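Undergrad: The chain contents come next:
Protein chains: 2
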Amino acid sequence: MTLSAFRFGPLSIPLEQVFLVSKLSYALVNLKPVSPGHVLVATRRPVSRFNDLTQLEVLDLFTQAQRVSKVVERVTKAESLTLCIQDGAKAGQSVPHVHLHVIPRFEGDFANNDDIYDAMAHQPRVDNPERTPRSPEDMAAEAQNLRQEIGSSWNEEEAL
Amino acid sequence: MTLSAFRFGPLSIPLEQVFLVSKLSYALVNLKPVSPGHVLVATRRPVSRFNDLTQLEVLDLFTQAQRVSKVVERVTKAESLTLCIQDGAKAGQSVPHVHLHVIPRFEGDFANNDDIYDAMAHQPRVDNPERTPRSPEDMAAEAQNLRQEIGSSWNEEEAL
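Residue numbers (this note's numbering), protein chains in the order written: chain A, 1489 to 1648; chain B, 1489 to 1648.
Calculated from the structure, these hints are not laboratory results. For clarity, every value in this text was computed on a predicted model and none was experimentally measured. Among these hints, one or two may not hold up.
One copy or two, either will do: identical chains are not told apart, so a pair holds if it fits within one copy or between any two.
[Claimed, not checked] Listed next, the in silico SDA-like pairs over lysine to any residue satisfying Cα-Cα at most 20 Å (straight line):
(1) Lys1520 / Gly1639
(2) Lys1511 / Thr1551
(3) Lys1578 / Pro1524
(4) Lys1511 / Glu1630
(5) Lys1558 / Glu1630
(6) Lys1558 / Ala1577
(7) Lys1578 / Ser1523
(8) Lys1558 / Lys1578
(9) Lys1558 / Ile1638
(10) Lys1565 / Ser1500
(11) Lys1565 / Asp1540
(12) Lys1558 / Pro1584
(13) Lys1578 / Phe1496
(14) Lys1511 / Leu1544
(15) Lys1578 / His1589
(16) Lys1578 / Phe1594
(17) Lys1578 / Gly1596
(18) Lys1520 / Phe1494
(19) Lys1558 / Gln1543
(20) Lys1511 / Leu1547
(21) Lys1558 / Arg1622
(22) Lys1511 / Gln1543
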C-alpha cells in the first residue's frame, strides 16, 4: 500500500506538500500562508476538536510540532513563533480537522500585531497581495526544502 | 513542605489563582482576561520557549489543557476556543514562561476577529474597559469555581 495523499478535513493534501509524517501526525505547507514559512501540523485522524484527541495523538502532534517549529525558526531566521489552534468554527477554524499553525514572527512583521490573527482566520484583507493561492510547484519546492532541513527520513510503510 | 505560590516567569502566582495542578503543569486565572473565561495553562518549570519542553512536559501541558478547555467551554457555554502559545517576545509573549492561552469564543464576540489577538498580546485598546486588572477576590472566586467544576482533587504533596 502506498500513500498518495493525506486527508485534511474534506480536502486531500498531495504528498508533495507534506514534509513530515509520523504515526499520528503530519506537517504540510500552506496554500495561503500568513507569511513565508507559515506551515501546519495536523493529526492523521480527521477529527475537528482538540478535545477529540487521544493522549497519544496529543503527545505526537506537539512533539512533531517541536521538530517543525525548530526547523521553521532556523530556515526563516525567525526569533519567535505564533503557535495556534483555532479550535472550532467560532475561533476561525476553516478546515474542521485539528491543526496547529506554526508561524514565524519577526520584529515589525505586521503593521499591527493583530493582522496575523485576521490573516490566520482566512479573512484576507483586500490590500494584502500575499494572500493569493500559491502554485503547486512553489508549495512542492518549499516542502522539499523543509523535508531536507528537518532530516525527515519518513518511511511510508512505517508511517502507515 | 507546603506550596504557597507558583512561579510564572518573574511573577509569583498565589495558590488562590490556581485551579489545576499536575506534576509538570498548572492552570491559572488571568489578571487581564481578553474575555470572561480566558485562562492560562503553564509549565511548572520556568522555561521560555516551546522547544525547551521535554516530551513529558509537552504531554502533561496539553493533556491538562484538554481538561481545562473542556471545563472552560462548559462553564462559559462557548462553542469554540482559541488555543495559542505566543512563543517568544516577537510573537507577543509578555511573560517569558511557556503558557497556553485558552480563550472561549462565541459568534460575534469581537467586533473584528483579530481584536482577540491584539488583546492577547497585552496591548489593551484604550476604548476597552474590560482590560483593567481584576481584583484578587474576583480572581480567587473564578479559580474556586473552576476548581470545583474541573473536579480538581489536587494534592499538594503529590503535585510536589
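Undergrad: If a hint holds in the structure, say so; if it does not, say that too.
TA: Hint by hint, here is what the structure shows:
no.	hint	in the structure
1	Lys1520 / Gly1639	neither (25 Å within a copy, 42 Å between copies)
2	Lys1511 / Thr1551	both (12 Å within a copy, 19 Å between copies)
3	Lys1578 / Pro1524	between (26 Å within a copy, 16 Å between copies)
4	Lys1511 / Glu1630	neither (22 Å within a copy, 39 Å between copies)
5	Lys1558 / Glu1630	within (16 Å within a copy, 36 Å between copies)
6	Lys1558 / Ala1577	between (29 Å within a copy, 16 Å between copies)
7	Lys1578 / Ser1523	between (23 Å within a copy, 14 Å between copies)
8	Lys1558 / Lys1578	between (30 Å within a copy, 16 Å between copies)
9	Lys1558 / Ile1638	within (9 Å within a copy, 34 Å between copies)
10	Lys1565 / Ser1500	neither (30 Å within a copy, 33 Å between copies)
11	Lys1565 / Asp1540	between (34 Å within a copy, 18 Å between copies)
12	Lys1558 / Pro1584	between (26 Å within a copy, 18 Å between copies)
13	Lys1578 / Phe1496	within (19 Å within a copy, 30 Å between copies)
14	Lys1511 / Leu1544	both (10 Å within a copy, 18 Å between copies)
15	Lys1578 / His1589	both (16 Å within a copy, 16 Å between copies)
16	Lys1578 / Phe1594	between (28 Å within a copy, 6 Å between copies)
17	Lys1578 / Gly1596	between (28 Å within a copy, 8 Å between copies)
18	Lys1520 / Phe1494	within (18 Å within a copy, 40 Å between copies)
19	Lys1558 / Gln1543	between (23 Å within a copy, 15 Å between copies)
20	Lys1511 / Leu1547	both (11 Å within a copy, 16 Å between copies)
21	Lys1558 / Arg1622	neither (24 Å within a copy, 36 Å between copies)
22	Lys1511 / Gln1543	both (13 Å within a copy, 16 Å between copies)
In this structure, the earlier hints numbered 1, 4, 10 and 21 are contradicted, and the remaining ones agree with it.
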